[in-house]
Amino acid sequence: MKNIILPILVLCLTLSSCNKDEISVFDEPFVHINFNNVSKANINSSRKDIASYYIYLSSKPLDQDMLLDYSIIVGDGLKENVDFKIITTEYPMVFPIGITRRPIQIQWMDNVIDPTKNNTLTIQLDSTNLNVTVGFPGPDANQSKLVLEKVNN
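All residue numbers for the sequence shown refer to this note's numbering, where the first residue is 5 and numbers rise by one.
Among these hints, one or two may not hold up.
[What the hints assert, rightly or not] Below, simulated DSS-like cross-link-like pairs (lysine-lysine); rule was C-alpha separation at most 30 angstroms, straight line:
#1 Lys-44 <-> Lys-121
#2 Lys-64 <-> Lys-121
#3 Lys-44 <-> Lys-64
#4 Lys-83 <-> Lys-44
#5 Lys-89 <-> Lys-121
#6 Lys-83 <-> Lys-121
#7 Lys-89 <-> Lys-52
#8 Lys-83 <-> Lys-52
#9 Lys-52 <-> Lys-121
In case anyone wonders, no lab produced these hints; they're calculated from the structure.
Construct the entire structure; sequences and hints are all you get.
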């Protein structure tokens, strides 16, 4: 009898302590954008290359293609074909079944900018055709946009 009491006591104690402090789990599909895990990055004004900025889909396998509407918002200090050129022309961006990462490519051009102006280029994720959250789940919707600011050397 003594050999049974201790295991029963341990079992009762273990079961009674379960589910005391549950953590809220966001288990919903979402799409987000970042560059090296940040939502804002500086671009050197003398940069002359093509950069890829990735949009990520985090979800269980989808049963149909996801279409993503996005916007490119250019500040008044930047000019297309002078400071940059958008290489990616696909709109809306299609995530075929099984694909979880797609790039937006931008060619950066060597051009000194006026530091008193808004020298940002923002890639804003707007909406999808499926029930997929834009940005990280939660009230802040982090990583729903990527802000790239061109700065002088």
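Checked hints:
1. For the hint pairing Lys-44 with Lys-121, the CA-to-CA distance comes to about 17 angstroms; that is within 30 angstroms, so the pair holds.
2. Between Lys-64 and Lys-121 the CA atoms are separated by roughly 43 angstroms; this puts the pair beyond 30 angstroms, and the hint is violated.
3. Proximity of Lys-44 to Lys-64 is assessed by CA-CA distance (about 28 angstroms); at most 30 angstroms being required, the pair is judged to hold.
4. Restraint check for Lys-83 and Lys-44: the C-alpha separation of about 19 angstroms stays at or below 30 angstroms, so the hint holds.
5. Simply put, Lys-89 and Lys-121 have alpha-carbon atoms about 19 angstroms apart, close enough for the 30 angstroms limit, and the pair holds.
6. A threshold of 30 angstroms between alpha carbons decides the hint, and for Lys-83 with Lys-121 the separation of about 12 angstroms falls inside it, so the pair holds.
7. Among the hinted pairs, Lys-89 with Lys-52 is consistent with the structure: their alpha-carbon atoms are about 11 angstroms apart, no more than 30 angstroms.
8. The straight-line distance between the Cα atoms of Lys-83 and Lys-52 is roughly 15 angstroms, inside the 30 angstroms bound, and the hint therefore holds.
9. Proximity of Lys-52 to Lys-121 is assessed by CA-CA distance (about 21 angstroms); at most 30 angstroms being required, the pair is judged to hold.
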